[in-house]
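Chemist: The lines below spell out each chain.
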Amino acid sequence: MKITGLVTVIICGALLIFYAMDFPDFGDGTSPASTYLSPYFIEHTIEDANVPNIVTTVLADYRGYDTMYETTVVFTAGLACFFLLRRKESQNPPARFYRHTPTGITLRIEEGGKLPAEGSKVFMRIDSLWAPDSLIIKNTCRLVIAFIQLFALYVVAHGHHSPGGGFQGGVLLGSSIILFAISNDLRRSIKRFNEKTSAILGALGVLLYAGTGFLCLLLGAHFLNYKALAPIFRSTAAMARSHGILCVEIGVAFAVMAVMIWIYYNLSSAGKHDEGL
Amino acid sequence: MVQQLPALLIIVPLLTALVVAMASWISPRLCLPLTFSGLALSLAASIGVLMEVIAHGPVTYTMGGWNAPMGIVYVIDYLSSPILVVITSVAILNLISARKSVEESFPGKTGAFYSLYILFTTGMIGIVATGDAFNLYVLLEIAALTGYSLIGLGNDRAPLASLNYLFIGTIGASFYLLGVGYLYIATGTLNMADLARFMPQMADNSMVLFAFIICMTGLFIKMALFPMHGWLPNAYSFSSTAATGVIAPLTTKVMIYAMIRVGLYVFTPAYIFNTLHMSKAIVWVAIAAIVMGSLLALAQKSLLKMLTYIIVAEVGYMVGGFFLGNRMGITGATLHIINDAAMTLCLFMAAGAISYKLKDDSFASMKGLFRKMPVTMIGFGAGALAVIGIPPTCGFFSKWYLITGGMEAGQYGFVAALLFSSLVNAVLFFRIFEIAHFEPFADPHDHHHHGHSETVNEAPLSMVVPLLVVAAALIVLGIYSGDIVTKIIQSAIPAGIV
Amino acid sequence: MENLIHMIGAKFNYIAYIILMMIGLYALIAKNNLVKKIIGMSIFQTSIILFYVSTAYKTGKAIPIVEHGHGAHSVIHATDYINPLPHVLMLTAIVVSVATLGVALALAIKVYRQYGTLEEDDINSQIRIQAGK
Amino acid sequence: MSLPIDMIILSLVVVSGIAAISVKDLLGAAIVFSAYSFLMCLSWAVMGAVDVAFTEATVGAGVSTVFCVAAVFHTTRRTKD
Amino acid sequence: MDIIYSAKPLIAILVSLFVIPILISSRSDNTREAWTFVAAILKFIIIASMAPLVLKGAQIQFTLFEVMPHLAIKLKVDSFGLLFALVSSPLWIITSVYSIGYMRTLKEHSQTRYYCYFAMSLSATIGVAFSANLLTLYLFYEMLSFATYPLVTHHQDQEARSSGRKYLLYILGSSIAFVLPAMLFIYIKTGTFEFVPQGFMAGHFTHGTLLVLLLMFVFGFAKAGIMPFHSWLPAAMVAPTPVSALLHAVAVVKVGVFCVARVITGVFGTKLLLSTDLNTVVCYIASFTIIAASLIALSQDGLKRRLAFSTIGQLSYIVLGVALLSPLAVTGGILHIAMHAFGKITLFFCAGAIFAASGIKNISDMVGIGKRMPITMTCFLIGSLSVIGLPPCGGFISKWYLVLGTLEAGKMFFLFVLLVSSLLNAAYFLPIVYRAFFCTDEESMFENTVNEVPTWCLVPLCITASISVILFFFPQPFLKLAHMTAQTLIGG
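Protein chains in written order, with the working numbering: chain A, 54 to 330; chain B, -8 to 489; chain C, 201 to 333; chain D, 268 to 348; chain E, 96 to 587.
Be aware that one or more of the hints could be misleading.
Here are the computed lysine to aspartate or glutamate pairs in the DMTMM-like style, where the Cα-Cα straight-line distance is at most 25 Å [to be verified]:
(1) A:K244 to A:D180
(2) A:K325 to A:D186
(3) B:K296 to C:D322
(4) A:K55 to C:E319
(5) C:K261 to A:D81
(6) D:K347 to C:D321
(7) B:K296 to B:D474
(8) B:K296 to C:D321
(9) A:K325 to B:E95
(10) A:K55 to C:D322
(11) B:K478 to E:E161
(12) E:K575 to E:E161
(13) A:K55 to D:D348
(14) A:K325 to C:E319
(15) A:K325 to A:D180
(16) A:K55 to C:E320
(17) A:K141 to A:D81
(18) D:K291 to C:D321
(19) D:K347 to C:D322
(20) A:K325 to A:D81
(21) A:K141 to B:E95
(22) B:K478 to E:E289
(23) A:K141 to B:E94
Simulated coverage check for chain A against chain B, where a stretch passes if three residues somewhere in it have a Cβ under 8 Å from a Cβ of chain B [claimed, not checked]:
(24) 113 to 120
(25) 152 to 164
(26) 273 to 281
Label-pair ranges, simulated between beta-carbon atoms [stated by the list, open to error]:
(27) B:A46 to E:I99: 34 to 40 Å
(28) E:F132 to B:I369: 21 to 27 Å
(29) A:K249 to B:Y471: 45 to 51 Å
(30) A:T88 to D:L294: 46 to 52 Å
(31) D:L294 to C:M207: 38 to 44 Å
(32) A:A148 to C:R328: 32 to 38 Å
Bear in mind the hints are in silico, worked out from the structure with no lab data behind them.
Heads up, the beta-carbon is just placed ideally off N, CA and C, and yes, glycines get one too.
Produce the complete structure using the sequences and hints provided.
Modeler: The following block contains the structure:
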């Protein structure tokens, strides 16, 4: 197999490189790709949508329809991971581990044994592969998470003017929670941001995007034509587009955040949602 | 409202999928009615669009109000409108039929299943309706991702089969994306109509040639054309029948549609059939696909596996028909997309009902099935006759066009392969009929096999009724194939093709 | 010789993308471990993103964010900015690739749960033993 | 003409790509893959694709790696190739 | 020629299909069989009601739908088709009577299925008879193949299974492998499928291609039993006797012959074949089958197998008659469809009656049976005479025309073939009758316990036997129809 693979790869690669020699030079600004469509986008972004970040305009407006499906892809992935992996804990209840906090003794309670009360201050449930909490990690993360989230919100909100937008902000938001789940443990994270929330928020995010588009459709324009929202925002058509873009970016951010967390929950606990990384 | 139909066609299922995903956490009982109504609306929209197209010609819809080539447009023309109806009706029929087995195989996850199911349908609808080469890729990935996950939750071997499908599918989709990238460098646009406009002056551009090769390779991988078919049999036979019921009829067919769309409306027939000298070779690949698919089907011992290899052979029919490059061949390929979707749906729905009842799909377990599940077997028989190509089922007529096309093009190898595969299909299905027809062979060794015979009876009504509807549709499609061809498909083929 | 060096210099990104793509393809074909294959698949996908991004680049031109967004500004010249369209497309592609990665890993976990190994040949031999029974 | 820094980064990308698929430890592979993504993100930033680079930094180098590690954690680190 | 547009042909075809749901749902055996009768009689009435018009020279047409541009599923009732329909539909009524007796006497299983598929087969048969173009013909031809399969394999044992396989392999295999490509090729070259009196092939093909196409049709319609594609017929004799009687002596095999005749006259056309002399090839093939089948029949001991080989030979008479393409020969050939049908069905009924009464299948065990079952064996004698072609039976007339036809065509060789085969026919039928009646009491193999079969079985075979005789004296309207057919097709 290795040899076959190598031979195929070398042949394909040689062929591809041979054809690549006909490409326009790297950095050449005169190829059709740079001169046909993109000038329109660059030159009209301010006029059409009042958004200086051209990528944002193209992403959420000119090709906003693609982006809606891009968000749907993310949502699909979350749903798919849930669908494939999730199993109920009760199906096969393993032994649970508890730590008696005052003494530091670890208890292993087999299935059917008497479990300490939920929320007991004395007994703390721990993972089977548990290392004592590192104070430094826990506290650093606690500090950092807030800043990550703040930055993420900035990225979402300021996507019109600077690099970033819904995706990046959403992933950052999601990773802040994932960081929390790693630095503490999965159960605590799930308590704060549970599966149902993430699933519903994921769908809601995409729904916000598609719903914005659908609202335009209901208002008589074509799907995702934010211009139709102008009466609602009481603004010009260009500003309406700008606001519309913000709306969908927020939707994207919600969806991506929730789904990233959802996927993490399922992957890190192999679908059981009891013990994470 | 009429001008919004193309958008509603795809947005309604998308919104439904999201709502279903949410409803599954709030009130799971709502999922099925929601799914059903979403797909029903989409079906209604697709029929509306079809009527509109027949009455007034192709419909264009600009997403976000941006005209092509700036924005993304949907072009629903003579080629895509019938396929859209096929997709939505296949989805809705299989939904009804699969209801019982979904509840049984995915306890607690029915909401997720339905949501993925609609998303899959959405992806398929989008692939067919879109007029933008890149948008097609995105929708391809939606359909593929949902497909992987629906397939991944089947029997023991399903996850590995699905993972292999994922690897190969990703390679295929990436190749397509790369091909689009090459086209983009060469022309600077992503809109299909716009790309086609550039084609005449690109005849000897090596980048376009390479884009063609790589796009088609990607699509061939995705549609499981013979040497690249390895993923298909396992993926389709190990998964749950509720999922295969919609995936098997649609995936390969829609990929073939994408091939025809990209071939005729991006690269233009003049380029692929006249400038390039590749179509002969591809027809030979298709011949190999037909012959090998049929032979491999003969070697199988279980129903679903056999059906999957028949799909491999059927893919050969359509690819071969398209690359014959004449009007008859392309008509046949297009008509066969519709017919084959119906046939495959019929067979898989029957197989779903059978394995729902028997919990097993090996030939040995099918003894005496005619007596126990007569209606299911009638449906199965109708599908079988269509696959063999017996008039007046629809399979005969598309095969007819394909063979005629093959003769006109002088590709007698293709004609022979088609006839050969018809014969093999006849053998395949009669083997099953024989087993299902004669239960008690006067064979003394067989007695201990009849353990299930008392408990098995006819499949539930929710499975039988859609099956019979499809079976009837096979004949109706056959009877009206003249109308379908003259009113729709002939207009879909560019005038340059004789 | 100099010609060749110049050529490689001018197309270096394209060559790099092809090499990366082939690395990914090799991993997909020849590697035995499923996680390795998944990583290979991701490399394969990123290589295509590299290709698109490379096509967008214009030497010495600004990133695609218009200066002085608000208020009066001078006329915008398209030639002053890097082509934004491939960037947009590639944002989509990145997201698709992470989605695929997630699903693939989920499937790999399921496979591991089933067979207790991630090596494809071990799995196949297990399947064969089962079928033989 | 490519920029020298671009060439250097891309060469590193290729090296880390090869490393990612040849390391004999899956956790290591996941981390090398993260490095690969990060280098790739750098190269895109050099090419002016800031949005793409940003996304790759968060998605490719960040979340993807976490996913990989999570998956490896639940399966096995060992591999024969 | 008048052309009348009417849905009657369609109704005639569908009447037996509509009855199927009723058959399935009927509660008791009696209602089921009553409905079979209703359908059979209705069918006959509808078909008979078209006869006066056709005899006046009119043609009834009905277009169902265009399945392809310029290509429709279309029905047409002309003299030839009507003749065939008039032969098959009354025989369905008679066979139904016989079936009831036979199936009840032997307490066969799955009787509902049996009646359903029987009805379906008849639909297809009439469909073939009324087809206006090659496509419609092919459609019904295949439908008949599938509808008869469950009948052939009715017993569901190992033998039925292997026979069923053989049956389908021959019939379906040859039609897909030969007829379908030939049809397509013709369609591409000519663009039409419509049967017209002088064919539509002239001027489109070379001599060699014509020969190949003709042979593809002759062998492809394997139901006609032309050697070497004949061996499905003896195999299919495992079916219950009523099936063998109606389907394998009348409907199925005659459909094959009918298709060959239709193609020769309606697709290729007399002029074209005569000018290229290709019909002689078919004549030789048919002659070979006639002689070979008769010789094989001599050596068969199983009564039904002997009848089967006899059928193979007789079918080739019809092919020979049509292929000679002289007006008298064509008349004879077409008339033979009717005459042979009544004669052969009598023989099969008798074979079935013997089996039902005594359980005997082999000729060597039938010594003295005539004394125990005199009526049956008398009918057997009449049937034999008709098939051999001796007066006072209908078979004589058709053979007479065939003989005249060979003379008219000036081909003495085929006259010789006909005479030799008639002798052979006599040689394999008359000894059965002889041994059945003329033996001493010691030689008789039968106890007194064996008696005539129930009336349900006996009446039909008496009816068919008497029809065979009556047809000798009153060969109308079959003769008229055959004449008309020959006239329109050959123009002589």
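Chemist: Which constraints among the numbered hints does this structure fail? Numbers only, ascending.
Modeler: Per hint list: 7, 12, 17, 20, 25 violated.
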